[in-house]
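Engineer: Sequence:
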Amino acid sequence: MCEKTSRQPPGVNSSYLLAGVLATAMSVPALLGQSPLFPTYQVGANQNLSNGPNYPSTLPNPWVVSNGQIITPAGIPVYLGITTRAKAVALNPNTETHTAAVLQMGGPQAVTIFNTQTGAVLQTYSTPYLSDTQTKQDSHGSSTGIAYTPDGLHLLFSQDSSHITVAAVDRTTGLITSTGGSSPYPTQVAVPVDVDSKGSLTTVTCFPNSPPGTTGSAEIPCGHTVSSNTSYPMGIALSSDGKTAYAVLDTNNTLTKIDLTAAVPAQGAEVRVGNVPHSVVISPEGKTAYVSNEAGRIATADDFQQYSNGTPVVAEFPTGSTSTGTISVVDLASFTVTGSISTGLHPTGMALWGKYLLVANAYSDSLSVIDTTANQVVNTIDVGLPFRAPGEPNPAYGAGPNSIAVDAKNNIAYVALYTANAIAVVDLNASAVKGLIPVGYAPSSVVLDTADNALLVANDKGIGTTGYGVAPPPKNTAENSYGTSHGVTSFNTHQDLGTVSIVPVPKVSDLVVMTQQVFRNNHWDLLENIYSASGGSPTAEPVAIPEKIGAPSKIQHVFVIVRENRTYDQILGDVPGGNGDPSLAVFGDNPTSGGVTPNAHALVRRFPLLDNFYDPSRQSADGHNWIVQAMAPYSDDVQSPDWVRDYPSNGGDAIAYQKKGHLWDMAAKAGVSFKNYGEYIEYNTFLTPTGSTTEPLWIDFYNDAMAYESGQESQLYNFNTVASHSPLPNLIRNTIQNYPQFDLGIPDQFRVDIWAQDFAKDVANGTVPQLELLWISSDHTGGPPSSQAMQADNDLALGRFIDVISHSPVWSSSAIFVEEDDAQDGVDHVDGHRSPGYVISPYVKQKVNPDGSGDGVTVDSTFYTQVNMTRTIEQILGLTPMNQFDLVASPMRTLFIDNPPENNFRPWTHVPNQVELTMGVNQTPTQPIPAARPALQAQAIPKESHAVKALRAGWMKKKAQIFAGKQHTPDSEDPATVNHLNWYEATGFKRPYPGEKKVQPASAFKKATNTKAGDDDEL
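FYI, in the working numbering the residues of the sequence shown are 26 to 1044.
Each hint should be verified, as a subset may be incorrect.
What the hints assert, rightly or not - Straight line, CA to CA, 20 angstroms or less: simulated PhoX-like cross-link-like pairs of lysine-lysine:
(1) LYS282 x LYS268
(2) LYS974 x LYS1023
(3) LYS983 x LYS1031
(4) LYS694 x LYS573
(5) LYS684 x LYS694
(6) LYS1031 x LYS161
(7) LYS434 x LYS380
(8) LYS1015 x LYS983
(9) LYS982 x LYS1015
(10) LYS1023 x LYS983
(11) LYS434 x LYS459
(12) LYS312 x LYS380
(13) LYS312 x LYS282
(14) LYS459 x LYS532
(15) LYS968 x LYS1031
(16) LYS974 x LYS1015
(17) LYS532 x LYS434
(18) LYS982 x LYS1031
(19) LYS312 x LYS268
I should point out that these hints are in silico values taken from the structure, not numbers from a laboratory.
Take these sequences, add in the hints, and give me the full structure.
Structural biologist: As structure tokens, this is what we get:
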């Protein structure tokens, strides 16, 4: 290891052998292509960026992805098509074929075979099977789990449909063939989910140290059952003779084996290992299996616990993140667990190095080195990020090591860093990192091709979702026709472009350049942001955005309002002066049915219009984590897009929590007061005034809100009907529990009424907290009202929130941040992740009239993401950044001013809705509440043709079908269907969806109803 010298910046991680190179990379004057603090580029190719690459790269220009990182992948690309994630790579041991296989998820095929020298796609493959005399295709992949038999004649891969495919491979071509037996079908081994007599995966039990209830009912409902539709097969390993396969069943928490010598291979015994198993490796002598368990050992009554898909796991108090990681030692002769080895957090991929087992600890940013002769950890190698925040003893968190390839001859390990878009080159003798190789977006697997001296890297997210011109589809994959299926205006967060990188093993001289490039790509060279993350003087002169965290701000109260699923163009594409496409503004200010979002438009006529703001996420499961954790941790993100284990949009799964916790944990640590209204709440329960536990209808909540707002009721009838629950201590103790979480059966007006009463009490008592989180969700659409009405409900709620705050005494010291959790349910002409974002405060630049209304649009085209919002909040409130993303992110200084003019402090008044909020509702009230206020005067509906009426009727039937029973679960329906429904409803079923030539009937969308929230790509 290299000792720190006086010439190294304080942030350099001395565990890197190239510390001198890193010091140069962190030296601003020496870096010609330094990352800009406030860039104005957009997602996608950027010809004008000067920061590389200086080596052969997959892409002709630096490529910006939605989280703000830049990728410049080295080597030769393998493009796999659209709507697919690349999860794991296996190299065919028959080296003469020069072939490898990549396991995929979410795409039209499960596996792709490619040439390891040219990158050419040779075959795309899904498993054929016989169903009701018809041949069908199972295109499911899994998060990991693909391997060849030692002779290269069979390929095994995991499928999250509870199967493992055993496919024959041609010795000469390396392509998948028939099994060669009497059946033309490969063997698809069923590995079913473990269930009890009631058909449930597990029954949740509560131990003494489980989180307590706070409203008289337990947050974790002891005794209730948790179901799953899959055993979730993951890692696979083969015996040295190729006769037995061993596979991890993640949901079952087991290791199973398959006899490959049987006439029809079938699942054999299962053995319980640790919690949330990931991968399996067979020992050099072939007698022992090692299984990595992401959530560690089995919990006991003495442990503080959280739950992961019904499994109680050992958790850290109070963050709820998993606190143990283990390797289960399985004796293969008896097929029993004979030991457990403690490692770092979230052990994932493993590889052998002689007698040593190397384990990648995804949440500890380290490798555990285990001596397999003693089954003990003998060394821990730091592969964390090569810098640290001032005053911090450890490197910045968030490298995400998850896969290892070993060059035994040279004692080198190559480690995939999922959240650094790089491969770490580790000198195993020195226990230190030699350098970093830039690859694609989110590398999830790395394999060493010794014959060709190259690395094969599966890039889970590839080049993001905006690369159709760069990533041509495989010629033999008709399903992946960009030209016919996806027009230029149809960018969407679900159009993943997973890839493989074939990277020649670099020379030392090349590694120096590559390491510097990785620094720039990840903005680790933004020393101003890193150094301003602490050290602020509490006696400094207050400003809007303090220079350093810890210094005082003029802003004392921060409100974060979270909304659902919209792109920039859908809402603001019609705003003059902004970079919008008016033809896509179906929820704009002047559609044929009336202005849907008058408040959003009124806000940007006074406060800054952010037309280059992005949500990094794909959908809610990672979107809410980007908001409250400033990242989607590996164990959340790698499950995308299927998320069959769990769907942590509202929390509820400990493996999705980073080790430092969430924004509220940082607030608690800093002594910052906090309240939560609906955000990250796992579920609601209901108890009406009559004692019923059945949730009232949407129309009941709506009538209740209208009667209360009009003065017909002195209090909401359902004021105490809703109870919100969370197992996270710092969250639930600060949550207003009668405020509903996500629920399409409750209008946002009811939410505003609940919040406004609590806010009024805080104002009166002088106890308005420093930080508030609020979730309003009607703009998700899919509830009883029409799409336009639900969007209008959400827009009105947004306006009312800001109206109330701006007319209160705390307005003069407040800032309101508004963001979507994701942008998945729409299209955008720039990128599917571009989303409406708003910053509202007296301390932002604005144009204001004497009455408080806006006097013109002020456009800010700085490239900002949700993480910039989070860093701005941290800078204001004195909160410690949680990981590398918010540590290097720039606070949104371009928006703020320290000494605003008097007009900036004028209150803002909301705009009444122009669309009737009950449009489309067909419900009979069930509660004794006064009738709602008169509806808006109905607009004349143009006479519809028979064809349009038929389209509308079909789509209304489809809407009822896909949302049935799902009003509490975000994103539990096929996004393509929802996107088309929203578009057609908003355009009167007369305008084709972008990129298509005609209005499609609902019958054209035949994806099956999903059995689990978030599994929205299920075929």
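Engineer: Look at each hint and say if it fits the structure.
Structural biologist: Structure-based check of all given hints:
1. LYS282 x LYS268: holds (10 angstroms)
2. LYS974 x LYS1023: Holds, at about 15 angstroms.
3. LYS983 x LYS1031: holds (10 angstroms)
4. LYS694 x LYS573: holds (18 angstroms)
5. LYS684 x LYS694: Measuring from Cα to Cα gives roughly 14 angstroms; hence the hint holds.
6. LYS1031 x LYS161: holds (15 angstroms)
7. LYS434 x LYS380: holds (14 angstroms)
8. LYS1015 x LYS983: Since the Cα atoms of LYS1015 and LYS983 sit roughly 18 angstroms apart, the hinted pair holds (cutoff 20 angstroms).
9. LYS982 x LYS1015: This hinted pair holds, its Cα atoms lying about 18 angstroms apart.
10. LYS1023 x LYS983: Satisfied, since the Cα-Cα distance of roughly 18 angstroms is no more than 20 angstroms.
11. LYS434 x LYS459: Holds, because 16 angstroms separates the two Cα atoms, which is no more than 20 angstroms.
12. LYS312 x LYS380: holds (13 angstroms)
13. LYS312 x LYS282: Roughly 14 angstroms between the alpha carbons, so the hint for LYS312 and LYS282 holds.
14. LYS459 x LYS532: At roughly 11 angstroms apart (the allowed maximum being 20 angstroms), LYS532 and LYS459 satisfy the hint.
15. LYS968 x LYS1031: Distance of about 29 angstroms is beyond 20 angstroms: violated.
16. LYS974 x LYS1015: Satisfied, since the Cα-Cα distance of roughly 11 angstroms is no more than 20 angstroms.
17. LYS532 x LYS434: This hinted pair holds, its Cα atoms lying about 16 angstroms apart.
18. LYS982 x LYS1031: holds (13 angstroms)
19. LYS312 x LYS268: holds (14 angstroms)
Hint 15 from the earlier list is the only one contradicted by this structure; the remaining hints agree with it.
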